[in-house]
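Trainee: Residue strings, one per chain:
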Amino acid sequence: MIRYVKLAGLIATLLVIFLPTFTLAKEFRFSISPAEIHVDDLPLGETSEFEITIHNKEELTHNFTLTTFQPPEEERREGRAEFPDDSWISFSSFEIEVAANSEAAVTVTITIPREPKWAGKEWETWLGVTAESRDLLTVQLYTRLLVSTTPAVGARPDTGLIVGIVVGIALFGCGSYYYYRRRT
Amino acid sequence: MKVVITSVIVAVILASVFSLPVLAQESGTITITMTGVNDISISLDKTQWPLGEVAANTEYITSPPIEWCTLTVEGNCNVNTFIVGENAEWIDDPTAYEWTLSADGINGDNVYGLQFRISGDTTRGPLGDGYVPITKTQDEFWPYAGGSGSSLAPGDTKQFGLKLLTPTYFVGSRQMQTQITISAAAA
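Line by line, the protein sequences give chains A and B.
Using my numbering, you'd call the opening residue of the first sequence number 1 and step up by one each time.
Using my numbering, you'd call the opening residue of the second sequence number 1 and step up by one each time.
Calculated from the structure, these hints are not laboratory results.
As the structure is a computational prediction, the values presented were derived from the model and not from experiment.
All C-beta atoms in this analysis are idealised placements derived from N, C-alpha and C, irrespective of residue type, glycine included.
Some hints could be false.
Said to hold, decoys possible - Here chain B is said to cover these stretches of chain A; the calculated rule only asks that three of the stretch's residues, wherever they fall, bring their Cβ under 8 Å from a Cβ of chain B:
{"hint": "1", "region": "41–55"}
{"hint": "2", "region": "69–78"}
{"hint": "3", "region": "95–103"}
{"hint": "4", "region": "119–125"}
{"hint": "5", "region": "141–149"}
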């Protein structure tokens, strides 16, 4: 008898309630746009802004969260490197409430530091939008963000300017030489 | 004197010709392009799996096993899809107790396994039975490397099922909660 009681106790301790939800299974639908954004020739130190629109296709208001995600190399577009620092990207809000059957926009801002090493780069990162949920399965949608920067102006030597000055000095020197030679 | 003036003018012109294009780059135009018509969306016809009480070291499979949930592409662009899981947390105090999600689908003490299988996939996964471990690192759902499938087009569907392998040991009578995220990016 004691053995049976012990066994029953053991089984009881091994039981848990895993995902104890008994509500009906449901479908949840939302979309985001655009699916892909190219920000080309972004000068170092300058800021670029664009919007991501979230469309809640349900009959209930939902909260959505926004994050950045670094895709693995094999998922990035050809020739694109990993985006160096997620802190260069900011959202007008990391969480937004979207009313039923309506849409809302989140402003995304990108600022690349004015450092020569970031010049002339081509990067890719993903911006993820997730509907807040406590269900077992949830959906996240990504916008591909492809950013390219301009070549560094301040950092690279201004070859043209230097050549121009050298040629100018040379011409000025020649002119002066001939002028004084003619006078003497 | 004329020669000097001419030399200075020529020098200035030459310097300008070489330097102005360089200086002009400081005020470049930023181009922002939104590619295509660009509406990305997928939906799942099930988001919950009401298991109730579970026993240790036991396998649970959705019913039907591989056609339990349907993923549908609803936007207007082709997509690649991915899947990622997380540790299961005690609902009452998530920081106090959790089950760690296995990295290979194999369970252990307070370590649980999650796997998915897509309908039609009979040889995928480490055991070649179609079941693929869900880990904490985002991995391919469909298409996948080494597979013959291509990106999903608008209107396409994929049916799949889940398998749960509970820990060999866990603290009982605690409600545990976890989440599996299925994501999509433009192909």
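Trainee: Going back to the hint list, which numbers does this structure go against?
Mentor: Those not satisfied are hints 3 and 4.
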